Amino acid sequence: MAETSEEVAVLVQRVVKDITNAFRRNPHIKELILSGTLHPVKDLHLGKLALTKFPKSPETWIHRRWVLQQLIQETSLPAFVTKGNPAALPAERTQRLIREEMEVCGEAAGRYPSNYNAWSHRIWVLQHVAKLDVRILLDELSSTKHWASMHVSDHSGFHYRQFLLKSLISQTVIDGSVLEQNPLRSEPALVLPKDEAAASTEEARINLPRLLEEEVEFSTDLIDSYPGHETLWCHRRHVFYLQHHLSGPHVSQAMEVDGLNDCSKQGYSQETKRLKRTPAPDSRGLEMEHRFIDQVLSTCRNVEQARFANAYRKWLVTLSQ
Amino acid sequence: MKLYSLSVLYKGEPKAVLLKAAYDVSSFSFFQRSSVQEFMTFTSQLIVERSAKGSRASVKEQEYLCHVYVRNDSLAGVVIADSEYPSRVAFTLLEKVLDEFSKHVDRIEWPVGSPASINYTALDGHLSRYQNPREADPMTKVQAELDETKIILARKQNSCCTVM
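Those sequence lines, one after another, are chains A and B. Here full-length UniProt numbering is used: the first residue of the first sequence is 1, the next is one more, and so on. Here full-length UniProt numbering is used: the first residue of the second sequence is 1, the next is one more, and so on.
Don't take each hint at face value.
[To be verified] Restricting the straight-line Cα-Cα distance to at most 27 Å, the calculated cross-link-like pairs of lysine-lysine (DSSO-like) are:
(1) B/Lys15 <-> B/Lys103
(2) B/Lys2 <-> A/Lys56
(3) A/Lys166 <-> A/Lys56
(4) A/Lys145 <-> A/Lys166
(5) A/Lys48 <-> B/Lys2
(6) B/Lys15 <-> B/Lys53
(7) A/Lys131 <-> A/Lys145
(8) A/Lys53 <-> B/Lys60
(9) B/Lys2 <-> A/Lys53
(10) A/Lys145 <-> A/Lys48
(11) B/Lys96 <-> B/Lys53
(12) A/Lys166 <-> A/Lys314
(13) A/Lys131 <-> A/Lys48
(14) B/Lys96 <-> B/Lys60
(15) B/Lys60 <-> A/Lys56
(16) A/Lys56 <-> A/Lys131
(17) A/Lys42 <-> A/Lys56
(18) A/Lys145 <-> B/Lys2
Since the hints were derived computationally from the structure, they do not count as laboratory data. Please read these numbers as outputs of a predicted model, since none were measured by experiment.
Between the sequences and the hints, there should be enough to build the whole structure, so can you do that?
Okay, here's the thing in structure tokens:
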């Protein structure tokens with residue numbers, strides 16, 4: 001069913017004259033889908049074509065989510081991950097749907113810089129269709145890496161990576177007890193590497209610190225190669241924050257339980273304020289960041305780069321206050 | 001990050017002469033492509049006319065960044081890229097292309113040449129290869145910029161390119 005770009009352009013021009021209303025005010029489309037006359041998949045395909053010309057169109061994305069919700073609710077689409085069997089691999093159909101959505105979002109993201117609507121949709125799909133399945137999150141993290149490196153000022157693209165990392169953290173470290181029960185730690189069948197040998201000998205573990213470390217290396221690589229892009233420095237802040245927050249949750253939760261969250265307590269003491277913050281980032285991590293900043297400042301000739309490096313330093317200082 | 005066009009020109013007096021050009025307008029919708037290409041040809045010529053011999057500059061025009069290098073012998077090159085594409089790599093590309101061009105095409109042809117008459121076919125390959133700056137130029141990480149390069153980010157005073 002592949003169309004040439006000329007065919008697509010002509011089709012879209014003729015059919016989608018009014019993109020604002022093409023998917024919105026037409027009551028018939030929803031009726032047609034609900035009554036089974038129009039198959040949702042066909043509608044998704046038309047939406048995909050429309051997005052090639054209008055990659056931002058909010059109405060198209062909103063309608064798309066409505067269609068996906070119909071598909072999810074349909075009994076013909078097997079539930080993705082049921083509470084009782086979290087280890088179940090997602091049904092083939094659901095996986096295909098997810099892959100297709102990832103592709104549509106990717107294309108739309110390429111057609112318009114920092115395409116917030118496309119990236120938000122992508123996140124929505126991971127949350128509501130993929131249910132934040134860890135394997136898919138990891139796959140997305142690796143498969144969007146190259147794209148991000150070729151779009152170094154696309155803030156939405158990097159925000160997506162931050163979302164993936166945050167979700168990976170939340171899916172594996174909810175609280176101490178859940179970590180023990182995490183099926184990924186006890187089900188060798190779920191091991192991600194394709195290597196059979198590894199699968200049989202190792203438990204599947206997601207090495208969160210390693211993932212975050214890799215993201216920092218990625219950030220360093222990009223900042224060095226492409227000076228003067230604020231997006232890269234913002235991304236670094238987020239990753240650094242996640243890294244050092246990772247060691248925090250248990251600790252900070254304990255602190256909150258420790259009577260300091262008591263609503264009856266009046267007044268707002270310095271002490272209360274300090275303890276409610278996340279624990280200070282470890283000094284070794286901070287030291288490495290300061291060295292990185294020094295290295296950038298000593299070699300860069302780009303005025304913007306120097307400005308961002310200095311701003312990053314100031315931000316790091318505020319973290320430990 | 002994207003490269004849209006790569007052109008070799010001769011800075012004649014008073015007009016710049018287009019000798020050879022390569023374009024990548026695949027990211028534009030089908031209906032836009034020919035007008036975008038025209039815009040880039042026009043802009044490249046204009047920029048060379050307004051640049052001094054022996055200079056390098058980066059000029060911002062709408063959402064594009066035009067990198068121009070005019071050699072002392074009046075041979076000139078223009079790369080039109082987006083704002084993400086590293087300027088250092090763009091200038092490396094220009095240097096390389098002009099060097100190669102001057103070896104392949106006799107100097108006598110420059111002032112009177114045209115894309116039809118000039119026999120130099122490597123531009124499309126260079127444009128395609130340099131789409132990924134890190135593959136094309138492994139030295140991208142090296143911070144040092146050419147000393148004699150003055151990168152000027154100038155917004156065009158007279159909006160000459162209101163064609164678009």
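Status of the hints after comparison with the structure:
1. The straight-line distance between the Cα atoms of B/Lys15 and B/Lys103 is roughly 23 Å, inside the 27 Å bound, and the hint therefore holds.
2. Between B/Lys2 and A/Lys56, the direct Cα distance comes to roughly 20 Å. Compliance with the 27 Å bound is thereby established for this hinted pair.
3. For the given pair, A/Lys166 sits about 25 Å from A/Lys56 by alpha-carbon distance, which is consistent with the 27 Å threshold.
4. For the hint linking A/Lys145 to A/Lys166, the alpha-carbon distance of about 16 Å falls within 27 Å, and the restraint holds.
5. Distance hint between A/Lys48 and B/Lys2 is fulfilled; the C-alpha atoms sit about 24 Å from each other, no more than 27 Å.
6. Distance restraint check for B/Lys15 and B/Lys53: the Cα-Cα separation of roughly 13 Å lies within the 27 Å cut-off, and the hinted pair is therefore satisfied.
7. In summary, the hint linking A/Lys131 to A/Lys145 is supported, as the alpha carbons are separated by about 22 Å, within the 27 Å threshold.
8. Among the hinted pairs, A/Lys53 with B/Lys60 is consistent with the structure: their alpha-carbon atoms are about 26 Å apart, no more than 27 Å.
9. For the suggested pair B/Lys2 and A/Lys53, the alpha carbons sit about 19 Å apart, so the restraint of at most 27 Å is met.
10. Only pairs whose Cα atoms come within 27 Å are accepted, and A/Lys145 paired with A/Lys48 is accepted, the gap being roughly 23 Å.
11. For a cut-off of 27 Å, the pair hint linking B/Lys96 to B/Lys53 stands: about 17 Å separates their Cα positions.
12. Under the criterion of a C-alpha separation no larger than 27 Å, the hint pairing A/Lys166 with A/Lys314 is consistent with the structure, at around 24 Å.
13. Under the criterion of a C-alpha separation no larger than 27 Å, the hint pairing A/Lys131 with A/Lys48 is consistent with the structure, at around 23 Å.
14. Proximity of B/Lys96 to B/Lys60 is assessed by CA-CA distance (about 23 Å); at most 27 Å being required, the pair is judged to hold.
15. With a CA separation close to 25 Å, the supplied pair B/Lys60 and A/Lys56 stays within the 27 Å bound.
16. This hinted pair checks out: A/Lys56 and A/Lys131 have alpha carbons roughly 25 Å apart, not beyond 27 Å.
17. Simply put, A/Lys42 and A/Lys56 have alpha-carbon atoms about 20 Å apart, close enough for the 27 Å limit, and the pair holds.
18. Restraint check for A/Lys145 and B/Lys2: the C-alpha separation of about 17 Å stays at or below 27 Å, so the hint holds.
In summary, the structure agrees with every hint in the numbered list given earlier.
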